[in-house]
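**Q** Residue numbers (numbering that gives the first Met the number 0), protein chains in the order written: chain A, 0 to 295; chain B, 0 to 465; chain C, 0 to 306.
What the hints contain is simulated information worked out from the structure, not anything from laboratory work.
Just so you know, not all the hints are guaranteed correct.
[Stated by the list, open to error] Derived lysine to any residue pairs resembling SDA-like cross-links, with alpha carbons at most 25 angstroms apart:
hint : chain 1 : residue 1 : chain 2 : residue 2
1    : B       : 76        : A       : 69
2    : B       : 276       : C       : 257
3    : B       : 76        : A       : 286
4    : B       : 465       : C       : 32
5    : B       : 263       : B       : 422
6    : B       : 425       : C       : 64
7    : A       : 38        : B       : 76
8    : B       : 188       : B       : 320
9    : B       : 78        : B       : 102
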Amino acid sequence: MKKPARAVTKAVWLVSMTAVSLLFAYPFLYSILGSLMLKADFGNMGTLLPIPQSVTFKNYGYVFSVDGGAAPLFNSLQRAAWYTLWTVAMSILCGYVLARYEFRGKKFFIFVIVAAQVVPSVLTLLPSYILVSRLPFLGGNNWMGQGGHGLINNKLMLFLPLGWGSLMWVFLFTQSMKSFPRAIEEAAEIDGCGFWRMMVRILLPLQGPIVAVIAINTALGNWNDWLTPFLYINNVADSTLTAWLATLTSNLQQFGDKDYPKVFALATMAVIPPFLIFLFFQKYIIQGIASAGVKG
Amino acid sequence: MRTTRKFAALLVAMVMCLALVACAAPAKTPADSAAPTGAGNETEAPGETATPQASGEGVKLSVVMLGYNDTQIEAAKAKDGGPVNSDHYYMTNREKAEAAYPDIAFEWNDWGWAEALDQKQRAAIAANTPPSCIAGESFIPTYANSGILQEVPADVLEGIDPSFIAYGADGKPYAIAYKTSIFMLFYNKDLLSRAGLDPEVAPTTWSEWQRMSEQITAAGNGEYWGGGVPSFPHNGGALRATPFFRQLGTDFGGNDSINLSDPKVQQVLDYIRTMDKNFPAGLGNNSDEGPMWNAFEKKGEQNLAFAVNGTWQEASALRNGVNLGVAPLPLPDEGGEIGNCLVGTVYIGVPVGVSPEETSAFWDFYKNVCLSAEQLQYWIDESCVVPLTSMIEDDALYEGEGKAGLRVAIDALRAGTYSGQASFAKNDSQVWEIINQQVLARVTMTQDPIDQICQQAQAQIEPLLK
Amino acid sequence: MSAIAKTASKAKRRPSARRRREVRRAYLVLLPFFIYIALWNLVPLLYGLYLGFTEYNALGSSPKWVGLANFQTFFSVPEYGALLWRQIWMGMLALLCNTVISFLLALALNVQSRVKGIFRTAIYVPNVSAVSATTAVFVALLNPLANQGLNKIITALGGTAVTWSYSQFWMVFWIVAYFVWQRVGPAAIIWLGGLQGIDPSLYEAAKVDGASFWQQVRYITIPGLKFIAMYILLTGIIGAMQMFDVVMFISKGNPFGLTDVLMYRIYRDGFINFNLGMAGAESLVLGVVTVLFALFYLWLQRRSEDE
Numbered sequence: 000m001k002k003p004a005r006a007v008t009k010a011v012w013l014v015s016m017t018a019v020s021l022l023f024a025y026p027f028l029y030s031i032l033g034s035l036m037l038k039a040d041f042g043n044m045g046t047l048l049p050i051p052q053s054v055t056f057k058n059y060g061y062v063f064s065v066d067g068g069a070a071p072l073f074n075s076l077q078r079a080a081w082y083t084l085w086t087v088a089m090s091i092l093c094g095y096v097l098a099r100y101e102f103r104g105k106k107f108f109i110f111v112i113v114a115a116q117v118v119p120s121v122l123t124l125l126p127s128y129i130l131v132s133r134l135p136f137l138g139g140n141n142w143m144g145q146g147g148h149g150l151i152n153n154k155l156m157l158f159l160p161l162g163w164g165s166l167m168w169v170f171l172f173t174q175s176m177k178s179f180p181r182a183i184e185e186a187a188e189i190d191g192c193g194f195w196r197m198m199v200r201i202l203l204p205l206q207g208p209i210v211a212v213i214a215i216n217t218a219l220g221n222w223n224d225w226l227t228p229f230l231y232i233n234n235v236a237d238s239t240l241t242a243w244l245a246t247l248t249s250n251l252q253q254f255g256d257k258d259y260p261k262v263f264a265l266a267t268m269a270v271i272p273p274f275l276i277f278l279f280f281q282k283y284i285i286q287g288i289a290s291a292g293v294k295g
Numbered sequence: 000m001r002t003t004r005k006f007a008a009l010l011v012a013m014v015m016c017l018a019l020v021a022c023a024a025p026a027k028t029p030a031d032s033a034a035p036t037g038a039g040n041e042t043e044a045p046g047e048t049a050t051p052q053a054s055g056e057g058v059k060l061s062v063v064m065l066g067y068n069d070t071q072i073e074a075a076k077a078k079d080g081g082p083v084n085s086d087h088y089y090m091t092n093r094e095k096a097e098a099a100y101p102d103i104a105f106e107w108n109d110w111g112w113a114e115a116l117d118q119k120q121r122a123a124i125a126a127n128t129p130p131s132c133i134a135g136e137s138f139i140p141t142y143a144n145s146g147i148l149q150e151v152p153a154d155v156l157e158g159i160d161p162s163f164i165a166y167g168a169d170g171k172p173y174a175i176a177y178k179t180s181i182f183m184l185f186y187n188k189d190l191l192s193r194a195g196l197d198p199e200v201a202p203t204t205w206s207e208w209q210r211m212s213e214q215i216t217a218a219g220n221g222e223y224w225g226g227g228v229p230s231f232p233h234n235g236g237a238l239r240a241t242p243f244f245r246q247l248g249t250d251f252g253g254n255d256s257i258n259l260s261d262p263k264v265q266q267v268l269d270y271i272r273t274m275d276k277n278f279p280a281g282l283g284n285n286s287d288e289g290p291m292w293n294a295f296e297k298k299g300e301q302n303l304a305f306a307v308n309g310t311w312q313e314a315s316a317l318r319n320g321v322n323l324g325v326a327p328l329p330l331p332d333e334g335g336e337i338g339n340c341l342v343g344t345v346y347i348g349v350p351v352g353v354s355p356e357e358t359s360a361f362w363d364f365y366k367n368v369c370l371s372a373e374q375l376q377y378w379i380d381e382s383c384v385v386p387l388t389s390m391i392e393d394d395a396l397y398e399g400e401g402k403a404g405l406r407v408a409i410d411a412l413r414a415g416t417y418s419g420q421a422s423f424a425k426n427d428s429q430v431w432e433i434i435n436q437q438v439l440a441r442v443t444m445t446q447d448p449i450d451q452i453c454q455q456a457q458a459q460i461e462p463l464l465k
Numbered sequence: 000m001s002a003i004a005k006t007a008s009k010a011k012r013r014p015s016a017r018r019r020r021e022v023r024r025a026y027l028v029l030l031p032f033f034i035y036i037a038l039w040n041l042v043p044l045l046y047g048l049y050l051g052f053t054e055y056n057a058l059g060s061s062p063k064w065v066g067l068a069n070f071q072t073f074f075s076v077p078e079y080g081a082l083l084w085r086q087i088w089m090g091m092l093a094l095l096c097n098t099v100i101s102f103l104l105a106l107a108l109n110v111q112s113r114v115k116g117i118f119r120t121a122i123y124v125p126n127v128s129a130v131s132a133t134t135a136v137f138v139a140l141l142n143p144l145a146n147q148g149l150n151k152i153i154t155a156l157g158g159t160a161v162t163w164s165y166s167q168f169w170m171v172f173w174i175v176a177y178f179v180w181q182r183v184g185p186a187a188i189i190w191l192g193g194l195q196g197i198d199p200s201l202y203e204a205a206k207v208d209g210a211s212f213w214q215q216v217r218y219i220t221i222p223g224l225k226f227i228a229m230y231i232l233l234t235g236i237i238g239a240m241q242m243f244d245v246v247m248f249i250s251k252g253n254p255f256g257l258t259d260v261l262m263y264r265i266y267r268d269g270f271i272n273f274n275l276g277m278a279g280a281e282s283l284v285l286g287v288v289t290v291l292f293a294l295f296y297l298w299l300q301r302r303s304e305d306e
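Produce the entire structure from the sequences given, and follow the hints as far as they go.
**A** Have a look at this one:
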């Protein structure tokens with residue numbers, strides 16, 4: 000009596016979860032299938048998914064062509080890599096110092112980190128833009144910051160960390176040091192290990208999991224951050240893939256030529272790297288979410 | 000000590016890294032010319048940087064609108080039946096310019112049209128990196144009055160019809176258009192016949208048009224439709240409504256006044272609402288105009304009987320094999336006068352901040368290439384009106400097949416009666432956004448009382464004009 | 000004797016020398032980093048405070064002080080209040096739906112199964128994909144014409160086509176649906192962590208008492224997760240109050256501005272119309288309201304902890 004009931008429950012669970020998963024995967028399937036069509040064929044089908052009559056890889060040729068997506072794709076990769084490096088380095092350095100050293104003002108630094116989490120970014124969105132355009136001596140500006148365009152439309156804006164997002168990871172690293180045995184550091188110090196060596200040789204490998212959490216989440220966050228390049232850089236060659244997609248997507252609802260399959264091909268390309276990272280490192284991503292949750 | 004030094008070294012390394020990127024970005028080396036040229040973006044034609052600079056000082060012109068980039072050329076060539084006249088204009092502009100000015104490095108930018116173009120240009124000007132020229136239609140008066148355009152030199156203005164010159168509030172000329180057009184009523188004779196109407200008789204009054212359109216929609220029964228006045232939630236909507244307002248001697252307003260409380264305005268809006276029932280749902284007020292023009296002219300669709308569009312519609316509809324009729328816009332049943340609005344005007348001006356050499360090089364190129372009779376002929380063939388006085392006066396250009404609409408337009412232009420869309424002294428784009436979205440589109444999307452719609456919009460716009 | 004004294008004094012000095020080094024190192028590491036962050040954030044914060052009181056079109060001119068004029072406009076034009084209110088209710092609606100649906104998904108995933116990982120992946124992947132890369136599909140599907148996108152499927156199945164672009168309800172529905180689709184993953188994972196943290200013996204005891212599944216949820220699970228719910232809502236508020244990307248890509252604020260939100264207005268005033276003074280004033284209002292909301296939730300959380 001009880002056993003069949005459990006089997007039924009299990010079957011219902013399987014079927015409904017499969018349905019939910021398909022629902023979640025539907026937009027991806029749609030855009031992958033759509034990207035394999037020609038512009039003229041798209042939109043004429045009355046099926047649940049855009050099934051291509053004849054498969055074409057022309058749109059992917061565009062994604063990797065010099066005139067198409069090659070430069071933004073490369074910029075996206077560069078940007079994600081640079082931010083990962085910067086954030087990991089800053090988190091380890093600042094996080095370690097805050098966790099282990101005693102000094103005046105430590106509480107203040109921690110307060111700043113926590114308080115920054117409550118400040119909405121809308122308050123700095125516009126002023127940052129104006130200040131970037133008024134940086135003295137750059138982009139034709141004089142010492143007063145007048146006359147030129149500062150770093151607007153400059154590729155450097157892809158790599159200049161503007162927000163306080165990295166502060167959260169500093170805090171996370173500080174927290175993780177609490178469960179890190181001091182004995183290891185002391186032993187290393189007795190062996191004559193200096194500060195920098197300790198960072199690179201001891202903390203980086205032994206704190207591997209938390210470093211991975213920081214690195215992977217930063218890489219994903221920056222790959223998917225379309226807004227900064229979208230606002231600061233006008234030229235596709237100096238921009239990123241997701242920022243370019245933002246332009247293309249918002250043009251879909253305006254007058255002009257629309258090439259959905261091409262947009263889908265670029266979008267698919269923009270989703271593949273994060274998807275692969277998720278597949279291989281989901282443990283760390285989920286751990287990052289969980290540890291952030293515990294922190295709160 | 001060691002810590003300090005190492006930290007300093009790290010900092011220096013980081014700064015140098017960033018500095019390298021910063022310096023590398025603006026100075027594009029040939030190796031870096033992985034410059035993608037997607038839709039709506041800057042481009043650099045390959046090989047241009049290798050131009051020998053015989054004169055010693057190479058001027059670089061960054062041109063908006065007037066010439067195609069490689070991607071656009073490719074797209075034009077890929078069209079069914081090859082490039083059309085307008086494509087040829089932009090393609091040959093580029094060819095001729097590059098042949099005639101070997102010392103100038105040209106950059107051909109595709110920045111889109113309407114709101115997208117406005118946004119790109121404002122961003123470039125605000126960032127103090129203006130292109131050598133800027134283009135536009137309804138927002139050019141705003142540019143002129145904001146002091147961001149240079150005055151057009153007198154010699155460039157020679158031989159240009161005054162209707163094609165954009166003047167600022169100070170009365171000075173700031174931009175010249177290379178083409179324009181006015182609104183007409185186009186109709187598909189086949190669809191009129193199918194609905195049992197005489198295909199040779201065009202509607203002349205609002206009520207006649209309404210009756211005919213309703214009859215076609217009823218006969219079509221979901222297969223084809225009569226069509227009405229578009230109410231797009233962007234400037235394409237306001238532009239097409241304007242001639243109907245002007246028929247009643249009114250308008251949306253202009254400068255520092257907004258005129259939505261005028262009963263005549265509300266009368267037109269009521270007509271727009273009535274006529275919208277002759278569109279399939281979601282077509283007349285679509286955020287994208289494309290589906291409507293496809294419904295009128297695209298092979299395989301052609302299921303819309305009437306279209307309100309600029310004269311250029313004639314050339315492209317005939318190209319697509321529409322059995323086309325052309326007529327002036329229908330007039331109000333009583334108390335109406337002929338009123339219209341220039342549309343598809345592309346003004347070209349030079350922004351402040353462009354160097355004198357660049358400015359004179361640009362005007363030279365614009366005058367001698369883009370405004371040459373030979374190049375402008377492409378626009379005549381595309382049923383548009385062009386600015387050269389000599390061409391406007393040449394009757395031979397407007398005779399023959401497929402010139403019916405153009406003939407009406409040129410007569411109007413010779414009489415000098417038409418002007419462009421109104422513009423507002425302050426917050427121009429925000430005011431138009433409210434008119435397009437919250438008046439025009441709302442009139443056709445809902446059944447809210449029109450006086451209430453107008454009242455609410457009026458209350459919102461008034462503080463923006465103060 | 001002297002040797003002992005020497006070692007003693009050395010022992011005394013050593014920690015202090017070490018401490019001094021540590022303090023110096025700490026400042027060396029923290030100060031440049033924090034000064035850099037402050038430069039890019041504190042200066043814009045202060046500048047933003049000033050910007051709201053100016054008129055500035057960025058076209059070569061400098062900001063002109065106009066006092067409270069921008070705020071007067073904000074509070075005299077009814078549209079701005081409507082935009083703020085819509086930002087709040089649309090944001091909160093999206094957040095609430097996300098919290099509830101993620102909880103249900105977490106309940107469904109809180110089982111022993113070999114295929115659980117696949118389902119978790121399917122639910123989480125939208126979150127690691129960029130908003131700009133996934134909204135094009137929704138735009139294609141929501142074409143208002145009867146013979147396009149989703150409508151074509153609906154009519155093929157015998158339904159009546161929906162003119163999506165006419166309806167505030169449907170546009171809000173799709174915005175919220177996208178929001179949930181995109182953000183449900185992390186919230187579900189947090190819930191799941193909480194669910195697994197509840198003492199299993201409580202459930203055993205409840206089963207012995209004959210409590211049904213839903214009774215267990217009601218009396219054991221939900222009370223055990225109050226803290227987690229607070230966390231999800233608190234971290235969601237700041238994001239929801241600044242949501243505009245979904246609106247910009249999916250509805251563009253249409254139909255006739257009924258899904259327009261204040262953050263989208265700020266973006267347009269700032270980066271499209273270059274009406275920077277007004278945009279600055281709008282930013283200040285939205286920023287202050289957001290901080291107030293966040294503080295209110297913090298206060299609620301404090302109070303519930305004290306109880």
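**Q** Please go over all the hints and tell whether each is borne out by the structure.
**A** To see whether the hints hold, each was checked on the structure:
1. B:76 - A:69: holds (23 angstroms)
2. B:276 - C:257: holds (22 angstroms)
3. B:76 - A:286: violated (53 angstroms)
4. B:465 - C:32: violated (46 angstroms)
5. B:263 - B:422: Since the Cα atoms of residue 263 of chain B and residue 422 of chain B sit roughly 20 angstroms apart, the hinted pair holds (cutoff 25 angstroms).
6. B:425 - C:64: The hint holds at about 17 angstroms.
7. A:38 - B:76: holds (15 angstroms)
8. B:188 - B:320: holds (12 angstroms)
9. B:78 - B:102: violated (33 angstroms)
In this structure, the earlier hints numbered 3, 4 and 9 are contradicted, and the remaining ones agree with it.
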